[in-house]
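Engineer: Sequence:
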Amino acid sequence: MLLLGPLVWAKTWSVCPTCEHSSIKKTIQQANAHDTLLVQKGTYREFEILVDRPLVIKGVDYPIIDGEKKGEIFRIQSDGVTLDGLFIINVGVSYTKDNAAIRVIRSKNFLIQNMVLEQLFFGIYLEKSSHGKVYHNRIIGEAVDEYNSGNGIQLWYSSDIEVRKNHVQGTRDGIYLEFSDQITITDNVSRDNLRYGLHFMFSDQDVYTHNTFENNGAGVAVMFSKFITMKNNTFRKNWGTAAYGMLLKEINDAEISGNIFEENTIGINIEGSNRIKYIDNDFKGNGWAIRVIGACYTNSFKGNNFLYNSFDISYNSKLNDNVFEGNFWSSYTGYDLDKDGIGDVPYRPVKLFSYVVNRTPETIVLLRSLFMDIIDFSERVSPVFTPDNLKDAQPLMKIRS
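Residue numbering for the sequence shown follows full-length UniProt numbering, beginning at 1 and increasing consecutively.
Fair warning: there could be bad hints in the mix.
Stated by the list, open to error - Cut-off 25 Å, straight-line C-alpha distance, at most; resulting in silico cross-link-like pairs (SDA-like, lysine to any residue): (1) K11 x L111; (2) K237 x Y308; (3) K108 x E48; (4) K391 x G272; (5) K231 x V189; (6) K237 x I140; (7) K70 x D84; (8) K231 x V207; (9) K165 x T209.
To be verified - Distance windows between CB atoms, simulated: (10) I399 x N109: 43 to 51 Å; (11) N114 x G294: 42 to 50 Å; (12) G341 x K133: 41 to 49 Å; (13) A33 x E178: 28 to 36 Å; (14) V93 x S330: 44 to 52 Å; (15) V207 x I399: 26 to 34 Å; (16) K277 x S330: 19 to 27 Å; (17) T298 x E48: 45 to 53 Å; (18) H210 x T241: 25 to 33 Å.
Hints listed in this document are in silico derivations from the structure and should not be mistaken for laboratory results.
Every value quoted in this text rests on a predicted model; they were computed, and no experiment measured them.
Don't be surprised by glycine CBs; every beta carbon is placed ideally from N, CA and C.
Go ahead and model the full structure; you've got the sequences and the hints to work with.
Structural biologist: Below is the structure:
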């Protein structure tokens, strides 16, 4: 019964432009822990709103909180805070501070949901916080240059956070993690962002599933992290001279499975990454499906579909102990006399032309020429420049469904 005491005495405050309580900031200062503020429809020209006690702040018909570009708008510094159903605009742009529409500092058990954030610098910024949920928010930026734009959702030194069903668009990085562990990123759409759809560094034991990363400067960058699970995501139309669906740099002990990489300049760009399982992914119509730069060990590529990519594999190092086995290759022309669904002739996925293009990019203009087909054929017959032992000894005859 004692646990219910604070909730029994909780009060609901009505805030509206013509009410007794017309200021969100001042009403918060009057409210007690566990009270609820119902913010009625209207426009509230306020910024630097400090939430320093557990409250529910809920909008009715999406009231507009206009920061008038003067600075940060909401700053949460308490456990147990809920923000729900507000329309926040005009965050102040700064070259010395990461002003955010919503900043959460050293807080737990928070919920940020059903928010619309526009005309922002940073959107939602979580700093040294944990056990919270960022759910079903719409974050729309107008980023043009990296130096004067921020990230849509940023986590810094945070843990045990669920980021789910958000739509992030037009920011620098859609979602950014740094030193943030045990984060779950699910069912989000991150598109048309200036740099990355998702970018994380020095963050371990994170899971991201069923997200869409489309038409970003680059899809996802995963750097200097370990024990990452990446399943059932879609990486589509991340085009550009340095674009890729996914970049892996210094990643260890991860699983990448069930993803779709479609029409990216590079499906996955891999460097210095070890003990990763690439299972049951689809690579469709990319420039390079997989590009391996070097220093990669104990990786396995199994059950993947490679469909009509310009280059399935580009490999600039020794094969080491990496394994390609049981994949489907649309360029495979072998046969299956015993009808077991596995080609009788091993497939060598690295073309000589990919080796040439890596060293002289201008030669890409010759991609569809007969001359390139001839030298690729000669290299398959007698490998000289491409890795002799890089082959799929059990190529699938049919697309894995």
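Engineer: None of the hints should be skipped; say for each whether it holds.
Structural biologist: Going through the hints against the structure:
| no. | hint | in the structure |
| --- | --- | --- |
| 1 | K11 x L111 | holds (19 Å) |
| 2 | K237 x Y308 | holds (15 Å) |
| 3 | K108 x E48 | holds (20 Å) |
| 4 | K391 x G272 | holds (21 Å) |
| 5 | K231 x V189 | holds (15 Å) |
| 6 | K237 x I140 | holds (19 Å) |
| 7 | K70 x D84 | holds (23 Å) |
| 8 | K231 x V207 | holds (8 Å) |
| 9 | K165 x T209 | holds (11 Å) |
| 10 | I399 x N109: 43 to 51 Å | holds (46 Å) |
| 11 | N114 x G294: 42 to 50 Å | holds (46 Å) |
| 12 | G341 x K133: 41 to 49 Å | holds (45 Å) |
| 13 | A33 x E178: 28 to 36 Å | holds (31 Å) |
| 14 | V93 x S330: 44 to 52 Å | holds (48 Å) |
| 15 | V207 x I399: 26 to 34 Å | holds (27 Å) |
| 16 | K277 x S330: 19 to 27 Å | holds (22 Å) |
| 17 | T298 x E48: 45 to 53 Å | holds (51 Å) |
| 18 | H210 x T241: 25 to 33 Å | holds (29 Å) |
In summary, the structure agrees with every hint in the numbered list given earlier.
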